[in-house]
Structures are given as C-alpha cells and as structure tokens.
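K.L.:
What follows is the residue order along each chain.
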Amino acid sequence: MPTVTDTPTLSGPDVALAKRSPRPHQANRPVGRGAYRSADLVGLLPTLVLYGALILVPIVIAVVLSFYNWNGVGALKFVGASNWSRFFSDSIALHSLEVTFLLAGVSWVVQTPLSMALGLFVAGRQRYRAVYAALYLLPLLLSTTGIALMWQALLDPSFGGIAWLGTHLHLSFLVQNWLGGSSTALWTIVALIAWQFVPFHTLLYQMGRRQIPQVLYEAAALDGVTPLKQFFYVTLPQLRYTIVVSSTLMIVGSLTYFDIIYILTNGGPGDTTRVLSLDMYQAAFQNTTFGYASVLAVVLGVIGIVVALGLVRLTGFGSMSSQREGVA
Amino acid sequence: MSTAPQAVALPAAGIEDAPARRRPRLGHRAKRRLSGTVAFVLGTIWLIIVLAPIYFMVLSSLRTQGTYVTANPWVPTGGLTGSEYSTVFHAGLGGYFVNSVIVTVACVLITLALSLAASFRIIRRTSRLSGAVMRLLVFGLAVPIQALIVPLYIIIDKIGLYDTLSALVLTMSAAAIPVSVLIMLSFVRDIPRELIDAMSVDGAGEWRIFASLIVPLSRPVLATVAIYNGLNVWNNFLLPLVLTQSNSNAVLPLGLFKFQGEYGIDVPAIMAAVLLSVIPLVILYIAMRRQFVRGLSGVAMR
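Residue numbers (this note's numbering), protein chains in the order written: chain A, 1 to 328; chain B, 1001 to 1302.
These aren't lab readings, by the way, just hints derived from the structure by calculation. Quick caveat, the model's predicted, so the values are computed rather than measured.
Facing chain B, a subset of chain A residues (Cβ under 10 angstroms, in silico): (1) 43; (2) 54; (3) 70; (4) 146; (5) 147; (6) 206; (7) 263; (8) 300; (9) 301; (10) 308; (11) 309.
Calculated Cβ distances over 10 angstroms to all of chain B for the following chain A residues: (12) 67; (13) 174; (14) 177; (15) 183.
Idealized CB from N, CA, C, for every residue including glycine.
Bound-form chain B, shown alone (with noise of 0.2 angstroms):
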C-alpha cells in the first residue's frame, strides 16, 4: 500500500530521475536478468508439474500389471510392453470410440448449423426480436447444466430415448447453443451490412445470401466454435452418467470410468485407455494449434 502515493506522482518521476539515470539504468538491467531467471524457475517448475503426472501415465501404461507394482515408477526400465494397449481396445474401448466420434460429430454439426443460421436471423431482423432473444439465451447460459440433470433426464426418458446417444445427441447440442450463438453473433454482426444488402438488391433470396456469403465469410468463427463444443462434448461425463446405462451406448468418459469399476487394480490397462481417448485430440492439437487455442479461448474472449 506504501507504493500509492508515489504512483500519483507518476508522470513527475521522469523528470526527476532525469539527473541520476545512468546507474539506475545498470541496476534495472540486472534486475531484469533476475527476475528472468526466477521467472523461469518458476515457469518450469509449473511445466514439472504439468508433465510429471502425464509422463507417469505414459510410462504406466507401458507397464504389465506385475512390473507395475514392482519397477521405478518414475524410471523406464523393468521390462516395457504394449500389450495394455490392446488389451484394453479389445475389451470395448473401440467401442466407446466409436460413440464418442458420432455424439461428437453430431453435435458440433448440428450445433454450427442451427447457430449460425439462428445468428443470421437475428442479425436481418429488428433489434427487438434480437434483444428478446439474445436475453433468453444469456438466460440459459447462466443456469448451469448440472442443475438440470434431473428434468433433462425425465424429458428423455418421457419420449423413449433412455439410453441412446440420440439423447446424448440433443442435450449437448441445446446445452451448446447459448454460447454458440452468442459468439457467432458478434462475428456475423461485423459483416459489413453493405455486402448483404448489394447481394439483396441483386435479388438474391436470404438463403442465397446466407449459403454463398454468411457461411464463407464466417469460417472462421465456426471453426473456434467447433473446437469449442467438439472438446466439451468429447470430454463431457456427467450427460451420458445420467442419459445412457449400457455398454454399448457408453462414450469414452464414461467408458473409462466403467473400466475402472472392471480394472480397479489393473492400473496398466487404466492408463492405456484414458491415453487412447485422447489420441485424437492430441493429434487435432498439434495438426492445428493456433486454431484448437482460438477455440479454447475464444469463448472467454468473444
């Protein structure tokens, strides 16, 4: 608290140091220099921290059940071995693969069509359908997800769909769409009114307009979006806990969370399947960085 006043006179402190400032100047540099290195000590002991717990899953996985409980954990040597791997895609794994990529694929495509479609709509019509709507959806976004789990779960059971991933399916496409539309609006918003309207003069109807100049032009706010509600819905545990009961309906997360019920003690096995789960997002990662950090972020930074 000591520093507020001296901050106050800020814009003076220039003038006055003006006299003494070749020492400073020295002084400043090596503190830089420290304070660098401190940061970066700091910095890697965070990635440690980060990258042990995963390094210790990979060399896990590696293991057989017996040289798990035996070897260095934190060492590869002892004996290492793939056959977890297949193991655990054999015992179902693929299976819950294959789920998650439908649900997953389902819902993003689902989701960037109805949202963008819907943020055109807005945008060609009258700020007070806008406004209405824009707060109905503002509305849904506060009200988190969990606490609808107990109604979202009598819905889909009322009209037959326990267990599907149909179920699966639509409550994480409208759980998505509030912020979908809300990102795509304030991109679609800056399209310039004129492009629209010239292409209206033309005669173009508003299908037109939106299949050859919305969708293009929009590209790439519905690839952030897509990352977006692609990893959510990938990672999602809770909506398919509550929806789906079967093995042969489970997706990935809830896959892993069987096998554990199964592998309790085959730890092994475990990592192995949570590190084939996230094969695919590893490779979407690297393939495509900048555009996965947009998605990441983009929904905070709209």
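The shape of chain A in the complex, shown without the other chains (with noise of 0.2 angstroms):
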C-alpha cells in the first residue's frame, strides 16, 4: 500500500485541486489536509488502479488493436484502417449486426408488455400473489449454463419434453428441431432469454408499481375512473422510471447477448443466430484474428454506450426527483 510521501506523482493535482476548491469546503475540515490526503490515497487509490487497469485501459487497447494485424504470438502490425473498411464490407458481420438488433428489438417487444403486466399483477395485495412472486425468482438463480442446458434437454427433438408433449397430446407442431431449424432457432433464443430476463424485470416492475402512492388511486377511483383508465393515466407516467431503467437493461443486455447462443447454436444454423458478440469472440479465439475482433468489439462496446445514453436522454430521464410527483 503506498503512503503519502513515496508517492509524489499524486500530490501534483492534489495540489491545484485544493488551490481551487472553493472556500467553504476546507473550512468545514478540522483535520489537516496531510491526513486526508493518506486517506484518500489509500481509499481511492486500489479502486482507481484495478478499474483503470481492467476496464479503462483495455478500452484504450480495443480501439488502438482494432488498427493492428495480430494473431495472438507473432508481432503487431500495423495496418490503419483497412480492418474497418473490411468490416464495411463483411457481410457475415453485418448480417450478425442486424440479427443482434432483430434479438434485441424482438425480446423488448417480448418482455416489456410481459414483464410489466405481471409484475403489476404480483403487486396485488392478495396473498397467493406474494407466494407466486417469490416463485417467479426461480430462473434468476440459474446460471445462464444451466438455463442452456436445461432448455436443451426440454427442447430436443426425440426426447426432449417438449417433444414428449407433442407426441402424446398429438399437437405435432411442438415436435419440432426447435435450435436447430433455420427457421425457429432464433425465435427460440427469444424466448429463452425471455424465460431468463422476464423475472427480473417482473421484478422492477413489481417494485416500481408498490411505490406509487395508493392515494393517486384512491383519488382517481372517487372520480370514478375505470381500472382501464387508471393503468394509462395514473400507473403507466408513475412507472417511466422503472421503464427506462428496465428497457435500458434489457436492450443493452440483449444486444450483447452471448452465453446462451455460444453454448446452444453457436451462431447456427447457418448464421441465423449468429450476433456480433459471438461473431466478435470467433474472430478472436477461432480465428485468431484480434485486430479485427477488436473492430467488432469497438463496434459493440459503442452501440452499448449510444444506446444507453440514448435511451436516458430520449426518455427526459436525469430528473430524479420528477419520479416522486405527486407526493406531497
């Protein structure tokens, strides 16, 4: 652990932060500045050096590698821009860009109205619905493994469950090669990771409708408005923060989606699953080509970082307080 006087590199913008900082602040000090100083060396200083290490740093090498050629062993080589204008004309990879919206878009399409609708429904004040909540947290335990692989046992063609189902209860549509038809994979993926993501964001919903004050509805019932009516004038603006945050999550972690595909499809059949994250790690660690990975990750990390900011901003999300209204 570094103390305050073998570290002199530190105590340079320590030292102009402090010129700076308006009165007040240091007036409110009883303790010398030495000591506060030590403090936050040894306070701040490891949480900065691994988060810098580990998640800054490897920023910076993604977009600087994404100009390299590099195989993993051999040396870098410098190759300017040619692996962007190689991606530009990939049609694998833009094809693994549109699937990786198409998921993205359809699961939101999938899980918001789901998601919401039960977890209004679990904040009911019956009690069966209490004891419905607490069973609908069961996939959140899983790991995305064992959601795979429990899901690959079910949907297998001759002897999964499902198939089991169809068999017996002659409904053929349900014996089906669910993963491995071009034409059901991906819709399949959809509804897994729904299976998956569903509960949490029944969750939030869940908690975002207990905080609604019940005097809102009580008002709007005295005026006589329909249930109906209550959902879209009072519950549904009350709910716009757990929605931003929820849609935030869920498109941010649908568009980097990669346990389930990499361990179910592997992008397949054909390329029909496969989304720019699995398309990113083949680039890496099949083809060992980690300049162009890296084009593919910079790619990914940006659509992420737009997405997000973009959802917060589009949906006048930053005043915190707004979330209150109503509230005396």
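Relying on the hints, combine the two individually framed chains into one complex.
P.N.:
Structure, rendered in structure tokens:
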C-alpha cells in the first residue's frame, strides 16, 4: 500500500485541486490536509488502479488494436483502417449486426409488456400473489449455462419433454428441431432469453408499482375512473422511471447477449443466430484475428454506450426528482 | 386513443356520475372479480411456464440414462434414483464447486472493501474530484464487458495470470466496481454529515470514522451489493471461458459447459450437475429472501 511520502506524482493534481476548491469546503475540515490525502490514497487508489487497469486500459487497447493485425503470438502489424473497411464490406459481420438488433428489438417487444403485466399482477395485495412472486424469481438463481443445458434437454426433438408432449397430446407442431431449424432457432432463442430475464424485469415493475402512492388510485377511483383508465393515466406515467431503467438494461443486455447462443447454437443453423458478440468471440479466439475482433468489439461497445445514453436522453430521464411527483 | 378526450374531463367525471352511482358500483365489483380471475389464470399460466422446465430438470436428474429415454418425462414413475448426483460430483463437479466458492467470496470481499472505501473518500472530498470519479465510473458502466474480452485476455496473458483463479477474481472485481460504487455512494451520501463531523471534532482520524461509523451504518447496502455481485460472479460464463482453460481452474458455469461436452448424451447427469450448482443459491434465497430480492433489484432501483 503506498503512503503519502513515496508517491509524489499524485500530490500534483491534489495541490492544484486544493487551490481551486471553494473556501467553505475547507472551512468544514477540522483535520489537516495530510490526513485527508493519505486517506484518499489508501481509499481511492486501489479502486482506481483496478478499475483503470482492467476496464479503462482495455477500452483503449480495443480501440488501438483495431488498427493492427495480430494473431496473438507474432508481432503487431499496423494496417491503418483496413480492418475497419473490411468490417463495412463483411457480409457475415453486417448480418450478425442485423441479427443483434433484431434479437434486441424483438426481446424488448416480448419482454416489456409481459414483465409489466406480471409485475403489476404480483404487486397486488392478495396473499397468493406473494407466493407467485417468490416462485417467479426462481430462474434468476440458475446460471445461463444451467438454463441453456436445461432447455437443450427439454427441446431435444427426440427425447425432450416438449417433443414428448407433442407426440402424446397430438400437437405435432411441438415436435420440431427447435434449435436446429433455421426458421425456429432465432425465435427459440428469443423465448429462452425471455424465460431467463422476464423474472428480473417483473421484479422491477413490481417494485415500481409498489412505489406509486395509493392516494393517486383512491383519488382516481373517487372520480369514477375505470381501472383500465387508471392504468393509462396513473400507473403508466408513474412507472416512467421503471420503464426507462428496465428497457435500458433489457436492450443493452440483449445487444451484448452471448452465453445461451454460444452454448446452444453457436450461431447456427447457418448464421441465423450469429450475433455480433459471438462473431467477435470467434474472430478473436477461433480465427485468432485479434485486430479484426477489436473492430467488432469497438462496434459492440459503441452500440452499448449509444443505446444506453440515447435511451436515457430520449426519455428525458435525468431529473430523478420527477419520479416522486404527486407525493406531498 | 378514443379514451384521451374523456381523460381530459377527468376531474369533472365524479360530479357528473354522482346521481347514477349505485348501479355502476355493482357492475364495477363484478368486473373487478372477473379481472381478478383473468389475472389469476394468466398468472398461473406464467407460473407453469416458469416451473415446468425446472420440474422437468429435477425429474430427469433422478433418472438413469436408460430410464430417461423410456419413461414419461413429466410423471415421476418408472424408477427414480439419485445415482447421477454422486456420479457428477465425483466426475469433477466438486472441484468446480470449490473454485466457484473461492472466486465468488474473493470477488465479493474485494468489491465491498474497495467500493465502500472509495465511496467514503468521494463524499469526504471536494465536489470536483467526486464529479470526476463519478463520470469515470458511469462511463465504465456503459461499456459492456463483452466488448473488453479481447484486451482483458491480452492483459491477463501478459501478466502471467492466464488460466488462474486470480485472473477471474481481478477481472470480475474490476467489472463490479462501477455499479458497486454508484450504489454505495447513493447510500453513504445519506449518512448525516453531522455524525461524521462530530467524530472528527472529537479527534477521530479518517479511518476511525470509516471503521466505526461508515461500515456499521452501511450494512444494508453492503448486503445488497454483496448479493448482486455474488450472483453475477457465481453465474458468470464469459470471463471464465476466455481467461481459463484447464479443468482444475474451471468454475461451475464453465464446468457445466465442459460436462456437456463430455457427457453430452447422459442428460440425467447434466441435469443433476446443473441442480447441484444451484443449491447454494437456493439455500441463500430461502434463508434470506428479503435481502436477496433487494440485492437483485437494488441495482436498478438505486
């Protein structure tokens, strides 16, 4: 652990900061600056070092490496923007970008209404709904690998539980090669991702609904507002904050989705389920084209940032105080 | 869309409806009961969707390879046995389990210590420094970890930690820092400034204040962050996939994946392995459901 005396480099910005910082702040401080500075070093430095070395530095490396060719062992070779121009004419990568957006879009359309309905349902007062709420959370305990392996067994076209139901209940459409058919694979993945993540978003909506002051509903009921209209004019506007948070996590999450697809389809059949994160993984660790993989990584990162910031901006989120509007 | 104009007249609606109150009220009640029933039915359907696959997994794990293909997969008849559980436990799952425990505990402890200390320093500091650190963390929060696996692999390889548990501990702790600090910060900030100043006036140093005031008061947020990060680390698949290789350093999610490669056709064994891997979480969930739920949602609800 470094102490004050042996890290002169860090005192530079510190001193500059002290000069510029407003007086009142310092007046509040009964302890001398030395104690502060050593506490800052011990308290902040390990966090910043770990975070800097393993999050910020990798971001820089990804950007820089996208301008080089590297196979993982040999020398780096500067290639200018050629990896980037390759990306824009790489039909596989562009297709995977399409699949990525399709997956995220469909996932949002499927999961948001479902999670909201279930969240409002379990937020109800009835006691059985509390039991349901507890059971709804069970998928969250399973790892993605566990979920993937479980569904792989269930969806097996010859011995799986779903095919068995199809055969014995004469529902022949259930007997399919769900993950192996090019027309069903992507939709099956969408369904599995929903199974995995709807419980989490249900929880968010449940808590969001619980935070809406009951007086608003009482007032609306007194005015003879029907439950359906209460939903549109009380619940929905009051859930705005929850909708933004849930949608952001949902969309960014599905844009970067990797695990289930890697385990169950590995992008196939053909490249119907090949998403960008999988394409990047294969470019790096199967084809050992780390430079090109970095291009895909940067694209993935930029999409994540743009979508997260865009959603926050678009929805006028940022004034957190408005979340509590209507409460005295 | 036709509902919009009526809503504008919303405040007046109560007055207009007043004379004809009795009848619609009864109608309302019947409607209420109907919608309650519909909700119950739909809610139960979702419950079945959630539970049926898990039930299938539990039942299949109690079969043998032979009875799995012959018996009805949805009814517990035709011979059940727990033999696959001991098979997979002895086939390496125990080792993966120990690795997962080590990595998860280490990550949680490191993240808690670093994030709480950092949050404490940030609130004790000028707004300028806090603002800079915050912006840095929010930026990291927006970058998906998937985009960083190539550089992380390179860094970990260069510092000689490839295929070690330390690689997982370091990278997962780093990845957990932004969220953890931001959650803790919003909590620590609410600790009354007077308490801190009072201790300070009494001559307590910064670390005394931290140890005997901040840490005890932060217990609820520590639990939230611990559970959230613990779950994430326990279930993480991508970083172990990229940063480790040998079976002796595999954590559970990766171990399960490797199992599937080796035991591909032995479905009961795989199901047993998945269930064994989830047991600690189920126990935690039953024992401390409230903290668990807060840990799951606290992150989004900060």
